[in-house]
Amino acid sequence: MAVAETKIGFVNAARVLEEAPQADAARKQLEKEFAPRDKEIVSMQDDLKKLEEKLARDGAVMSEKEQRKLERDVLSFQRDIKRKKEEFREDLNIRRNEAFERLRKRVFEVIVKIAEDKKFDLIVSDGVVFASKRIDITNEVIEKLKSEMSSSKK
1 MAVAETKIGF VNAARVLEEA PQADAARKQL EKEFAPRDKE IVSMQDDLKK LEEKLARDGA
61 VMSEKEQRKL ERDVLSFQRD IKRKKEEFRE DLNIRRNEAF ERLRKRVFEV IVKIAEDKKF
121 DLIVSDGVVF ASKRIDITNE VIEKLKSEMS SSKK
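Take 1 as the starting number for the sequence shown in our numbering and just add one per residue.
Derived by calculation from the structure, the hints in this document are not laboratory data. Keep in mind that this is a model prediction, so the values were computed, not measured. Quick reminder that beta carbons are idealized off the backbone N, C-alpha and C, glycines included. Be a bit skeptical, because a hint or two may be false.
What the hints assert, rightly or not - Distance condition first, Cα-Cα at most 30 Å in a straight line; then the derived DSS-like pairs of lysine-lysine:
#: 1; residue 1: K82; residue 2: K28
#: 2; residue 1: K144; residue 2: K119
#: 3; residue 1: K118; residue 2: K105
#: 4; residue 1: K69; residue 2: K85
#: 5; residue 1: K133; residue 2: K119
#: 6; residue 1: K105; residue 2: K82
#: 7; residue 1: K49; residue 2: K39
#: 8; residue 1: K49; residue 2: K69
#: 9; residue 1: K133; residue 2: K146
#: 10; residue 1: K39; residue 2: K28
#: 11; residue 1: K54; residue 2: K69
#: 12; residue 1: K85; residue 2: K7
#: 13; residue 1: K28; residue 2: K85
#: 14; residue 1: K54; residue 2: K85
#: 15; residue 1: K32; residue 2: K144
#: 16; residue 1: K118; residue 2: K7
#: 17; residue 1: K54; residue 2: K84
#: 18; residue 1: K32; residue 2: K49
#: 19; residue 1: K144; residue 2: K133
#: 20; residue 1: K49; residue 2: K84
#: 21; residue 1: K105; residue 2: K146
#: 22; residue 1: K118; residue 2: K153
#: 23; residue 1: K54; residue 2: K39
#: 24; residue 1: K85; residue 2: K39
#: 25; residue 1: K119; residue 2: K146
#: 26; residue 1: K113; residue 2: K146
#: 27; residue 1: K50; residue 2: K82
#: 28; residue 1: K50; residue 2: K105
#: 29; residue 1: K144; residue 2: K118
#: 30; residue 1: K105; residue 2: K32
#: 31; residue 1: K113; residue 2: K28
Stated by the list, open to error - Beta-carbon label-pair distances, calculated as ranges:
#: 32; residue 1: M149; residue 2: F34; range: 16 to 26 Å
#: 33; residue 1: A25; residue 2: E66; range: 50 to 60 Å
#: 34; residue 1: E66; residue 2: L30; range: 42 to 52 Å
#: 35; residue 1: K69; residue 2: M149; range: 48 to 58 Å
The whole structure should be built from the sequences, with the hints applied where relevant.
Structural data, given as structure tokens:
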């Protein structure tokens, strides 16, 4: 009776997700997409600081009515900034998760393709204490993703 040998491979998925050029491209795209909103929030914070400085500097010489109005304006501006920051964070997290999920799916597809092409029976990833370089396909997965990225730029 012949016993078939099981061919096992290993991939460091965390390293692939970190080093894949698609991850860097996604980060840069998110930075580009969210930079205008970030600048707007920074500008609003600068404006708020000026209002607060005006209140601290001139509050004592203002009429009570003017001082209360300026205090209300400061509070309103603080709430607006807080709301904008929360929306910004939520939107950024949603977009980051979408981009990561697309990358994760693509990495999985590449791993499966390499496993099928090289006739692996099993590919393991997380929770591995040791894997010899002989069965580690991490570099191969990263190179495949790099070649996809460079060919998509052409």
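Checked hints:
{"no.": "1", "hint": "K82 to K28", "in the structure": "holds (25 Å)"}
{"no.": "2", "hint": "K144 to K119", "in the structure": "holds (17 Å)"}
{"no.": "3", "hint": "K118 to K105", "in the structure": "holds (20 Å)"}
{"no.": "4", "hint": "K69 to K85", "in the structure": "holds (24 Å)"}
{"no.": "5", "hint": "K133 to K119", "in the structure": "holds (17 Å)"}
{"no.": "6", "hint": "K105 to K82", "in the structure": "violated (35 Å)"}
{"no.": "7", "hint": "K49 to K39", "in the structure": "holds (15 Å)"}
{"no.": "8", "hint": "K49 to K69", "in the structure": "holds (16 Å)"}
{"no.": "9", "hint": "K133 to K146", "in the structure": "holds (20 Å)"}
{"no.": "10", "hint": "K39 to K28", "in the structure": "holds (16 Å)"}
{"no.": "11", "hint": "K54 to K69", "in the structure": "holds (12 Å)"}
{"no.": "12", "hint": "K85 to K7", "in the structure": "violated (51 Å)"}
{"no.": "13", "hint": "K28 to K85", "in the structure": "holds (20 Å)"}
{"no.": "14", "hint": "K54 to K85", "in the structure": "holds (24 Å)"}
{"no.": "15", "hint": "K32 to K144", "in the structure": "holds (26 Å)"}
{"no.": "16", "hint": "K118 to K7", "in the structure": "holds (9 Å)"}
{"no.": "17", "hint": "K54 to K84", "in the structure": "holds (23 Å)"}
{"no.": "18", "hint": "K32 to K49", "in the structure": "holds (26 Å)"}
{"no.": "19", "hint": "K144 to K133", "in the structure": "holds (18 Å)"}
{"no.": "20", "hint": "K49 to K84", "in the structure": "holds (16 Å)"}
{"no.": "21", "hint": "K105 to K146", "in the structure": "holds (16 Å)"}
{"no.": "22", "hint": "K118 to K153", "in the structure": "holds (27 Å)"}
{"no.": "23", "hint": "K54 to K39", "in the structure": "holds (23 Å)"}
{"no.": "24", "hint": "K85 to K39", "in the structure": "holds (11 Å)"}
{"no.": "25", "hint": "K119 to K146", "in the structure": "holds (22 Å)"}
{"no.": "26", "hint": "K113 to K146", "in the structure": "holds (15 Å)"}
{"no.": "27", "hint": "K50 to K82", "in the structure": "holds (17 Å)"}
{"no.": "28", "hint": "K50 to K105", "in the structure": "violated (47 Å)"}
{"no.": "29", "hint": "K144 to K118", "in the structure": "holds (14 Å)"}
{"no.": "30", "hint": "K105 to K32", "in the structure": "holds (23 Å)"}
{"no.": "31", "hint": "K113 to K28", "in the structure": "holds (27 Å)"}
{"no.": "32", "hint": "M149 to F34: 16 to 26 Å", "in the structure": "holds (22 Å)"}
{"no.": "33", "hint": "A25 to E66: 50 to 60 Å", "in the structure": "holds (52 Å)"}
{"no.": "34", "hint": "E66 to L30: 42 to 52 Å", "in the structure": "holds (43 Å)"}
{"no.": "35", "hint": "K69 to M149: 48 to 58 Å", "in the structure": "holds (56 Å)"}
In summary, the structure is inconsistent with hints 6, 12 and 28 from the numbered list given earlier, while agreeing with the others.
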